[in-house]
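Colleague: All chains should be built: construct the whole structure from the sequences, respecting the hints.
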Amino acid sequence: MRLCRYPARATASGARFAYPTEGVRYRCERVPRRTARRPDFQEEQVHESNASRGPLAGKAALVAGATRGAGRAMAVELCRAGATVYATGRTTRARASEVGRTGETIEETAELACEAGREGGGTATAVAVDHLDPEQVRDLIVRIDRAQGRLDILVNDLWGGDHLVGFGKKLWEHDLADTLRVLRLGIDSHLITSACALPLLTRRPGGLLIEVTDGTEESNRNYREPLSYDLAKAAPLRMARALAQETAEYGTTAVCLTPGWLRSEAMLDTHFHVTEENWRDGCATDPHFAISETPTFVGRAVAALAADPDVARWNGQSLSSGGLAQVYGFTDEDGSAPDAWRYLAEVQFAGKPADVTGYR
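In terms of numbering that gives the first Met the number 0, the sequence shown is residues 0 to 359.
If you are wondering where the hints come from, they were derived from the structure by calculation, not from laboratory data.
One thing to keep in mind: the hints can contain errors.
Result set (SDA-like, lysine to any residue): computed pairs, CA atoms no more than 25 Å apart in a straight line [said to hold, decoys possible]:
(1) Lys232 / Thr246
(2) Lys351 / Ser335
(3) Lys169 / Asp187
(4) Lys232 / Gly165
(5) Lys169 / Pro225
(6) Lys168 / Phe271
(7) Lys168 / Arg180
(8) Lys232 / Asp268
(9) Lys232 / Ala283
(10) Lys232 / Val346
(11) Lys232 / Leu170
(12) Lys232 / Val310
(13) Lys232 / Glu264
(14) Lys232 / Ala311
(15) Lys351 / Trp278
(16) Lys351 / Asp307
(17) Lys351 / Arg223
(18) Lys232 / Ser218
(19) Lys169 / Lys232
(20) Lys169 / Arg223
(21) Lys232 / Ala336
Computed from a predicted structure; not experimentally measured.
Modeller: Right, dumping it as structure tokens:
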């Protein structure tokens, strides 16, 4: 769904709707099916005439899986840097995905991104896409190509399987359909999106593919129970390494990026029953929660990678928000730079008492 800051209008393609937000009307449109008349794509690129130009001005980005958490922050920070961002997800104000969370939508992501991009000239488009449906993904890429003529940044932050994982259960104890669905959500969605988007991403040198996972290459050498979760989170690391090889001749860079201990919406309200404002209260439940970070931190990591003219130095590598902060100098919202995976390895997993001194 596209959010534009001018009145909505009905079209023959259907599936468009408008809603008021603080006195401003946005138009939202669903990705058209192949049988539907496509909209006028030129109207998607809207810039404030007096806006300055951010470091990613003129770049087109697709953040696949941007409804909430890390994906939302990545879309916001890319837009803040001046990029034209397409933010996709399954949860809209009209319909929730199987995840079952209605508090975050892709429309809201696009609103936040557009606001962040006001100074740098970035714009955002929210598009309802199921990335397990190749036809929907192909339609999305055609749409981006017709509207922008390019794709410079592809972020695969697709997941949505936490409710199906079955933590604490062995493979044969867990519902087989849920196990296979986890693999579909965590692996197939990434493969489908890359297969459809890479022809456009590799059309010109300098394209950047970011696979997003949970854990570094080093941490994922250990078993991440249960089996379905282990496979789903190890696969993006291999995808990045493989696609770094397959796209090298086109001047494309492929990396795998992980946040640290992410204070996502679900982590805050479901696991620790806190808010972002009082998140430190969660340390009473688990003192190691003190190393956690906001989604903005990994969002800034994505923006830093995308703006780096020497990003090819990272090709095929496993990266983390904390590690990249040491290189690029960005911080989390509180001004700190938590290095969560180093902390987890040296403190928590080593059985030491919680102490983030020297780690954030």
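Colleague: Lys351 and Ser335: Cα distance at most 25 Å?
Modeller: holds (22 Å)
Colleague: Taken at face value, is the distance from the CA of Asp268 to the CA of Lys232 at most 25 Å?
Modeller: Holds. Lys232 to Asp268 sits at ~23 Å (cutoff 25 Å).
Colleague: Verify the proposed pairing of Lys351 with Arg223, using a straight-line Cα cut of 25 Å.
Modeller: holds (21 Å)
Colleague: Verify the proposed pairing of Lys232 with Ala283, using a straight-line Cα cut of 25 Å.
Modeller: violated (28 Å)
Colleague: Are the Cα positions of Lys232 and Ser218 separated by 25 Å at most?
Modeller: Holds, because 11 Å separates the two Cα atoms, which is no more than 25 Å.
Colleague: Does the alpha-carbon distance linking Lys232 and Val346 stay inside the 25 Å limit?
Modeller: With a Cα-Cα distance of about 22 Å, the restraint between Lys232 and Val346 holds, given a limit of 25 Å.
Colleague: Does the structure keep Lys168 and Phe271 at a Cα separation of 25 Å or less?
Modeller: holds (22 Å)
Colleague: Next pair to validate is Lys169 with Lys232; report whether the Cα-Cα distance is within 25 Å.
Modeller: The hint holds at about 17 Å.
Colleague: Has the given pair, Lys232 with Thr246, been kept, meaning a C-alpha gap of at most 25 Å?
Modeller: It holds: about 22 Å lies between the C-alpha atoms, which stays within 25 Å.
Colleague: Given the hinted pair Lys169 and Pro225, is their Cα-Cα distance within 25 Å?
Modeller: holds (7 Å)
Colleague: Hint check: Lys351 vs Trp278, CA-CA at most 25 Å. Holds or violated?
Modeller: OK: Lys351 and Trp278 at ~22 Å, within 25 Å.
Colleague: Are the Cα positions of Lys232 and Leu170 separated by 25 Å at most?
Modeller: holds (16 Å)
The earlier numbered hints that this structure contradicts are 9, 16.
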